[in-house]
Each structure stands twice: as C-alpha cells, then as structure tokens.
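Protein sequences, first through last, are from chains E and U. Using the working numbering, the final residue of the first sequence is 270, and nothing's skipped along the way. Using the working numbering, the final residue of the second sequence is 217, and nothing's skipped along the way.
Calculated directly from the structure, the hints in this document are not laboratory data. Certain hints may be false.
[As the list claims (entries may be wrong)] EDC-like cross-link-like pairs, simulated, lysine to aspartate or glutamate; straight-line CA separation at most 20 Å:
#1 E:K34 / U:E145
#2 E:K68 / E:E144
#3 U:K195 / U:E70
#4 E:K57 / E:E45
#5 E:K68 / E:E251
#6 E:K39 / U:E145
[Unchecked claim] Which chain E residues stay away from chain U? Per the calculated CB distances, all over 10 Å, these:
#7 R36
#8 S114
#9 T192
#10 A202
#11 N211
[As the list claims (entries may be wrong)] Label-pair ranges, simulated between beta-carbon atoms:
#12 U:I65 / E:I9: 33 to 41 Å
#13 E:S122 / U:N84: 54 to 62 Å
#14 E:T16 / U:S180: 22 to 30 Å
#15 U:F207 / E:S159: 53 to 61 Å
Here a beta-carbon is modelled for each residue, glycine too, at the ideal position from N, C-alpha and C.
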Amino acid sequence: MKEDSSDIIIMIVSGTAVLLILVGFIISFSFLYKNRQVKYQREMESVIQHYNQEILKTQLEIREQTLKYIAEEIHDNVGQVLSLAVLNLSAIELSDTTKAHQRIERITGLVEKSVADLRNLSKAMDYENINQLGLAAAIAFELEMLEKTGMYKTSFTLSGQETKLTGSREIVIYRIIQESINNVIKHAKATTVSICLKYSPASLILQVIDNGIGISDSGPVPHEMQKTGSGIRNMKNRAEMIGALLIIQSEQGKGTCIHLNVPLTIDSLR
Amino acid sequence: MNIYTRIYLVLAVITLITYLSGFHRKKWYGKMVILHLVLCLTTTVTAIALIKYGHFRNNLFVFHIATPIEYAIFAMLYANVIVNSKLKKYIIYSIPAFALLCILFFLVVQPLTVNNSYVVMIESIIMVGLSLYFLRQLLLLQQVESLNSFPMFWICVAILFYFVGSLVIEGMLNYLMRHSMELARKTYRVGYIFKYLLFLLFIVGAFSSRRQSKEAA
Chain E
1 MKEDSSDIII
11 MIVSGTAVLL
21 ILVGFIISFS
31 FLYKNRQVKY
41 QREMESVIQH
51 YNQEILKTQL
61 EIREQTLKYI
71 AEEIHDNVGQ
81 VLSLAVLNLS
91 AIELSDTTKA
101 HQRIERITGL
111 VEKSVADLRN
121 LSKAMDYENI
131 NQLGLAAAIA
141 FELEMLEKTG
151 MYKTSFTLSG
161 QETKLTGSRE
171 IVIYRIIQES
181 INNVIKHAKA
191 TTVSICLKYS
201 PASLILQVID
211 NGIGISDSGP
221 VPHEMQKTGS
231 GIRNMKNRAE
241 MIGALLIIQS
251 EQGKGTCIHL
261 NVPLTIDSLR
Chain U
1 MNIYTRIYLV
11 LAVITLITYL
21 SGFHRKKWYG
31 KMVILHLVLC
41 LTTTVTAIAL
51 IKYGHFRNNL
61 FVFHIATPIE
71 YAIFAMLYAN
81 VIVNSKLKKY
91 IIYSIPAFAL
101 LCILFFLVVQ
111 PLTVNNSYVV
121 MIESIIMVGL
131 SLYFLRQLLL
141 LQQVESLNSF
151 PMFWICVAIL
161 FYFVGSLVIE
171 GMLNYLMRHS
181 MELARKTYRV
191 GYIFKYLLFL
201 LFIVGAFSSR
211 RQSKEAA
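With the rest of the complex left out, here is chain E:
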C-alpha cells in the first residue's frame, strides 16, 4: 500500500513536470511562429510595395516616351505641313482663279495629310493601350515608328497563340522592348532591327536582334555607354521583378541579341 502511494506521488510529480515542459514548449513555439509570421508579412508587404512602385515608374516612363514621340511628330511633321499650308493660303491671288484653284487643291492635300498624321498620333502607345491591344500590337507599333524614321529596316515575327499575361507583366515587357530599341537608336549604329515573340504553353520568349556594333566587354566604358549600362541593369532588374530571365548576347561588330524568357506559370504580385 505504501509502495503504491509512493508510485502515485512519483507519477504525479513526473507528470506535472512533463506537462509543464510541454506547455512551455508549445507556448514558446507558438510565440516564435507568430513572430516569424509577422516578420514574413512585413517582408511581403514591402516586396509588394516595391513592385507597385516599379510598375508605376514603368508606366510613367512609357507615358514620357509617348509624349516625347507626340511632341516630335507635332514639331517635325504636322507643324511643318500646317506652316506650308498657311504659306500657301497667304500666297493665294484671287484675281487669277486658275492659280488660286491649284493652290487651294494643294492646301487641301496638305491639310488632309496633317489630319492623317494626327490620326496616327492618336494611336501612340500608352500603357492602357497595351492592355487593350496586347503586346504583339504594341511591338508592331513600336517597330512601325522606328521604320518611319527611314534609318532602320525592321521585322516582327509572332509565333504561337498570344496569351494575356497576368498583372502588369506586359507593361514591364513593353518597357524592356522600348529600352532595347532606345539603346539600338542611341548606341548600336545598326541598320536592321528584328523582334521575335514566341508563345508556348510554359513561357513567352522574346528576342530583340540588331546588326549594330555590339557591346564591348573590355576596355574603358565611354560616358554614353555608362547610361546604357544602367539601362541594361534596369532591364535586368525589371525582368527579375516579373520572374523572367534576361540574357544579353553580344560580340563587337556582330550586333546584339536581347533574349527574355518569361515563364507563364509564375503569377505576378498584382
């Protein structure tokens, strides 16, 4: 009997000790878990905030590029044509009806050209248009603008079924293309630019190829190329932000190929 009661005491004491350890363990682990959860949520919020800021910056850059294009078109094209029309109007002599008629016809032609140019300007790409028309149409428009300068021959190849990307990824991709074309215009001294866009069930592959002077790996970096360096860094950062891989292949004198692989399985943050 005495032995039994001592057994029970041992059981109660050890049981209580084990229970206390267990409760302590569970409370400490839950506390640790909660702390990590809060930290993780904060990190996620900051990542989302950074992503949103980058998207906003990208949208502003696209808008700025569009406005620059519109301003140049108005100054170089529409403005010149309308000035010519005004000049023709002031030179009309009503006494000579045949000559006046010819001038009016010329003025009508100039005004019609201006109207057509203005209509084309209204199609200029903004990020909202990219969302509406899709990436392929936006790229085609960008190349059309480049071709219009008369300095480049362009080509665009689209293969596979075009898929709408989630979130703001199309805007980011479009901005990468714009940055690549800017680099071609400013530094590459190229005569041809071709863009290939390939959709597959798993990924989107984009290639921007030019026949310019290429990017040199060795030697001092000239001042204007330093800007390109930061542009390339920006492009790489943006590609990373949307879960894509950007590879630049270039050899001096043999042109540059910018290769972007965007997995379609990764969802964007937005």
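Knowing the structure of chain E, use the given hints to seat chain U on it.
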C-alpha cells in the same frame, strides 16, 4: 492488468474512436494515427493475453515485432509531410533498413526474451530528429495561418514528446534493471505519462482539425 495499463487502453480506444468518427480518417495523417493506435492496442492486448491465457513466461517478442512496424508508420507519416525530396527518399529507404537493423539486433545483441531498448533508442533518436525537422519546416515555410488549428503540429509535438520520454526511459531502463528492479519498474511506469500524453495530443490534433474544417465551412 494494472491501473496504468487500463488508463492506457482506455485512452487509446477514445483516441481511435475520435479519429474514426471524424473526417480525418480520409487524410494521410489520420490514417497513420489510426494505424498506430491499432498497433498499440493489438500489441498491448496480445502481450497481456499471452501472459494471462497463453501461459507464456515472456511476452517481450511482441514488442520486438511492434517496434519496426511503429517506425514504418511514423516514417510514412513524416515522408508525406516533409517537403525536402531528398530527405523524403531517405526516410522511405530507412523503413526496410530499420527492419533489418531490428532483426540484426535481436539475433546478435538483444534476443527476443530481452527488452529491445537499443532499437527503441535508435528509433527514438530518428523520430525526435524528424519531429524537430518538421517543426523547423513549419517555422520557415509559414504555410499555416494558425498553428493551433493545424493537426500535424499537435501530432508532431505528440511524437516528439513521446520519443523524448522513450529515449530517456529506455536509456535508463537497462542500467536500472541490472542494479534495482524496483527502481526500473518505477521508471517504466513513468513512461506511461508519455504514452498518455501521446494520445491526449492526438485527440487535441483531431479536435483542432475539426475547428479548422468548421472555419473553412
């Protein structure tokens, strides 16, 4: 049958009913817990029956058979919830390896008539390691909104405490048996606390998943 064994059997039956009546019998962890409970009940009842009705003088061989089965059940449970594919593979390979080790130990070190403490200690060390790894995984991956309503957390804590207790008690038992049978008996009884705790935490796990399913509904 002493009071401790009776409490053990009652708790095992209650836990089994809880798991069989809930939706978790369809879940992997539920199936493994049910299998373990069936194993515990079968082993204990067989061991008692052999002494009482079979007039066996030693029933320890039953535990020699049960140990690798228990290891296989818990290993399968962890192999299914651990994310690391390499470790998953190792856990699955370890099941036949542990069974072979058990055979080797009863042939060479601890025969069927002796308590298989060495094998139990090895099993305990592996299970404590796996439980701690799973808790670390929970902490790092942060996939669970609320830890309290996640049944695998309770099951893992149950296994962790059960095997920590088992490791300490089995470690002392052989030494104590050589010096004082009375002390060894008392130590063995303390081991029941960990067994009770195992079932109680399994029950908490079952109820936590019920709460989770209600919240989801």
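Consistency of the hints with the structure:
no., hint, in the structure
1, E:K34 / U:E145, "10 Å, holds"
2, E:K68 / E:E144, "16 Å, holds"
3, U:K195 / U:E70, "14 Å, holds"
4, E:K57 / E:E45, "18 Å, holds"
5, E:K68 / E:E251, "31 Å, violated"
6, E:K39 / U:E145, "14 Å, holds"
7, R36, "6 Å, violated"
8, S114, "61 Å, holds"
9, T192, "47 Å, holds"
10, A202, "21 Å, holds"
11, N211, "46 Å, holds"
12, U:I65 / E:I9: 33 to 41 Å, "35 Å, holds"
13, E:S122 / U:N84: 54 to 62 Å, "57 Å, holds"
14, E:T16 / U:S180: 22 to 30 Å, "24 Å, holds"
15, U:F207 / E:S159: 53 to 61 Å, "57 Å, holds"
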